[in-house]
Amino acid sequence: MVSPNTPETPGGAAAPSAAPRSIHDVVIRLAGNSQDGIQSVGGFLARLAGRSDQDVMTYMTIPSTISGGPSIFQVRMGTGDILSSGDRADMLVAFYQHSYDAHISSLRPGGVLLYDSDHVTPVEGDNRFTQVAVPITSGTVEAVGGAGKDKGKNIYILGLIARVFDLDVQKLAALIKERFGGKNEDIVRNAMLAFDAGYAWPQNNLHDLFYRFEAIDLATRASGRPQVTMDGNQALAYGLLAAGVRHGAGYPITPWSSIMETLRTELPKYGGLFVQCEDEIAAISTAIGFSYTGHLAITGSAGPGLSLKMEALGWATMAEMPLIVVNVQRGGPSTGMPTNVEQSDLLQAIYGSHGDTPRVVLSPKNVEDCFYIAMEACRIARTYSTPVIILSDMALASRIEAFDEPDFPKLMVDPKADLSDRGADFKPYPLDAITRHAPPGSKIGSGKYPTVTGLEHDELGHPTGSSKLHTQMTAKRREKIKKLGASLPSPELNGDSSGEVLLVTWGSTWGPGLEALKRINTAGVKGGHLHLRHIHPLPDGLEDIFNRYHKIVVAEINDEGLYGFGQLAMMLRARYANPAIVSVTKTDGLTFKISEIVAGVARHIESAHLDASLGVAQHSALAKN
Amino acid sequence: MSSPTLVSPPTPAITTAVPLTKKILTADHPTWCPGCGDFAVLASFYRVLEKLQYPHEKIVTFAGIGCSSRFPYFVNTHGGHYIHGRALPFAAGISLGNDDLHVFVFGGDGDGFSIGGNHLVHTARKNVNLTYVIMDNSVYGLTKKQTSPTSPIGFKTKTDPTGAIDQPINPMRTLLNTGATFVARSHATQVNHMVEMMTRAAKHPGFSVVEILSECVEFYAGAFDSSIPRKGGTWSLIQEKKNDGTPEDADRHDVTDEVAAFKLAGQAWPGSFGVFYENNVRKTKNVLEAELVTKARERTKNATDLQLLQATFAKMR
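Listed in order, the protein sequences are those of chains A and B. Counting with this note's numbering, you get residues 4 to 628 for the letters of the first sequence. Counting with this note's numbering, you get residues 629 to 945 for the letters of the second sequence.
Everything labelled a hint here was simulated from the structure, so no lab data went into it. Values in this document were obtained by computation on a predicted structure and should not be read as measured data. Be a bit skeptical, because a hint or two may be false.
In silico contact screen, one side only, chain A against chain B (beta carbon under 10 Å); selected entries [as the list claims (entries may be wrong)]:
| no. | residue |
| --- | --- |
| 1 | A245 |
| 2 | A315 |
| 3 | P443 |
| 4 | N497 |
Every residue gets a Cβ at the ideal spot worked out from N, C-alpha and C, and that includes glycine.
If we strip away everything but chain B, and leave its shape as in the complex, we get:
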């Protein structure tokens, strides 16, 4: 039997006992504009990886197209930069191709809710085990200010010079509708909160998505000021149910309650931040596919590949 892959010359085994640090994880210098919210997301992601300490070679950072999708070049892990809107199905291939990997996908509101909207729905409903971070700036930045699917009505862009007229997407309601099993919302000015949300998303078995409001200082400055306290806004954090029997616990949010999550998603702008919904019961596609393999292997009594093909062809004589 010949080996399908061309094996590189034997190299001594690499021992990476050194812990992952920001220094190790830093790659190219970001190409973002000074003051861009995405810097804070990147800094938080380094901290997430420092916390989780996954084996370096098993981390994959992937993205589509857009300002935020440059992300993988700035993180020193296996990774890639794919085409516009299609990073999720690609990442599904990565996750299902090697279940040992920790797969993170980064993208913007155009990538996630516009050109890639259909992929978001289907990757979520299949509950592929990966984490998706949507850095929402409510504008197309890389192409220099066109209307995005989350641009509010009245927002003036080069494609809507008199102000946007189309109803924007409600990201949280959309995400809950997809059937994603972990849905959270954060803000690029809240580093600790981003770290917590992304860490929980990474640990969640299944499709986890975090929407992060990340300001575009160049084309939509001040877009998210209404949730920044030092700019006069309100930072409204979701209080999660502790099941401690206290009277105040009754008013706290049950993350397993889908209806309650939809209620949160329907709040007036700027709404709340935190975990909206979490479902740890639904099996991941990774598990379901593995079960199919197990059943098929049982039925065929663990026959070798050669025996299987020969038996199939014997039936076609």
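Okay, chain A solo, but in the shape it has when bound:
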């Protein structure tokens, strides 16, 4: 094992000409091809930030082709809250000419371009940026040697970045060892050789491009628990495990698949199982079958798969069966943009299926929230004996964030099914109480065994054609969801509690919304930001909040539709009949840039101060003074 140079013992002869400059955060975009392992560089940086108590958020695009093709990984890391992956990059690492061509426009003025001098010829004399030629390929080949060719370029760049931003080399080395440790010793040694070469390069070649993150205020990390780093799909899967879910069924579809892969691998350790089914319909059917046996189960998909599950979802509403359905949204309709982000399944989630099907729809705001919303969904499904849909999206599914490890001893839910004997008065569908099913295996005191059914039924589950009962049972199914709505906490409200504008977001648009609010307030506009995690039912009291602002601007990643309103905006207008509710939408398949939201708000309010450039740092934090 070759140990890396540490900052205390610089390997090169000449010391950097200037002391590292202090920065709050940095956005680094790595652009290459998908087989270059740039995802793993991003992963290392994200996990390092987590271990260093720094905040981090990543953003990646993976081509939807089967292998190869251009790919990027963007990581924003820094001190304090990191709410979005950043509008533009401070540093661009371009592995190929096409990477440079496609991404140079994403670099902020004053930013740093590191390009592989073996592959890239940048525009000469472009003095908007600091251009640095780095022999990425030849440097790697020289360091590693042998038959590996340029394999290890990613680790070379990791070393270089570690030096430039004064990252904790010991922790990085430990991460590399953990990552490659299971493989043979040569691989770890080669990785460390590439890392050392990349780490050593800046010493004699970068004169004043050395930075250090501001010190962390540890008081803001009050939980006393270490940070963990993972993507939203992982957080969601582990949230389900903590909530006592031990059964599930699914069918592969991007970007849901990694949840089922995690659960298929993890569940047997917990005594459970996950079934890969022949199709989406079989998957939800098997999951409801599990729930019927007393084990709250999970199925999931992306938009097209949710459509396939709709008939069964209607049954689960009618039969009042608890169930978790995850929908990781992507660009639609149909196969659409399967590796892009969109929030266009909201109305499908709430109103899809047939007949009157009141159901619960929740949406996580960030990666950490994927964990907690999974737990909350399970609590609601069990308490109200109802299907609950979790609307995640491609952005949350694929990005990595660091967050405080959950307090597991407090949170763990016992997964045991209740097969206790039921009394002689047991009814599966009492009109005056919330349904509590008796799973098969439980004895019924009356000797009359219950039927679960999709036909309209009486209190004992027997089919009925009675119009009176259909009215009563429809109300029973509706009222329990209203009861849930009345029990929900007030949603998160940031900024001014009244004023010119209230920005409303849901799902992964939370972070960009909150950052946009800061810029709006900085411009002297009084405004607040309301974020909805509970989409259906809505929490009580929203009309009072809405009445305190002149305009309510709902920002969401979907189309404005035929009538000029995004899906949540349309629903809020229908619910509150408030003409002040307006919409900011987009359908480019990408997460919101802060500037897009600010510009959208500016269109709706009459403010001389507000335009898209508002509050945006025009120059990169890395710019030379």
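Use these hints to put chain B onto chain A, whose structure you have.
For chain B alone, coordinates are given in the frame of chain A:
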């Protein structure tokens, strides 16, 4: 730790030492038309449960959509009525969710061979431990006479007023092709035979399926007369190999011989009745999943759920 399920108030333990009888097992009065073959299937099923004497609370009767799928309302056991064609994946969830249960699924030819055809294939290949009874009347009855996947060519329906033109499914060949580990065929006019077939299917470890020709008197009267002796038909029973060394045993059917089973399935209408195929060697999905759990628990040294999650998150620091 909080309990996920809301436990009902404690009730005194129920002691059900009384044997299961038809009286106990009878629930709602069937909604079928007078003379429907399904009545006989239901009567036979009561007799099967009387014979097997499973604990009452561990029997589950489930169905999809169709005339025959009303079945669970007429049997007083835990059970349910699901959506069209999807009862098998639901029942797979029941069987895999609680391996103690005895799961029976009833349905018709539309449910099994048309809308649910794909589920039949995959539930069978996975060998989920449950019993599936297909009550085949060769017509859509509940929706009042449309062509079904087993309607013969020339059969006139509301969707084929000049007679069906599409090749019907051969149910037995289809079932053998799915990889089902127990495949049998019976006839609603033969109660003893139905009882025997369903009993053997119930006892079979794995996915067992019995196809029962059950006449729709309303929309396809006389469909199966050719195998009813008193109506001039031939009742051809499969003679199973006894391995008794007698010369006649050589001509008997070996139920473990898949090729011989396919030969039986290829016979001209009305064909033979009995057990076509039985495979007791292939493991059930229930067993295979349990083995995965055992191996995983060994690898993780029987760690508690809390320890497992904490260890996983420690790796993600």
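Hint by hint, here is what the structure shows:
Interface hint at A245 (chain A): satisfied, since its Cβ lies 6 Å from the closest Cβ of chain B, which is below the 10 Å cut-off. Using the Cβ-Cβ criterion of 10 Å, the hint placing A315 (chain A) at the interface with chain B is satisfied: the shortest such distance is roughly 6 Å. A hinted interface residue such as P443 (chain A) counts as satisfied when its beta carbon comes closer than 10 Å to some beta carbon of chain B; here the least separation is about 4 Å, so the hint holds. Because the closest C-beta pair between N497 (chain A) and chain B is about 29 Å apart, greater than 10 Å, the hint is violated.
Checked against the numbered hints given earlier, the structure breaks only hint 4 and satisfies all the rest.
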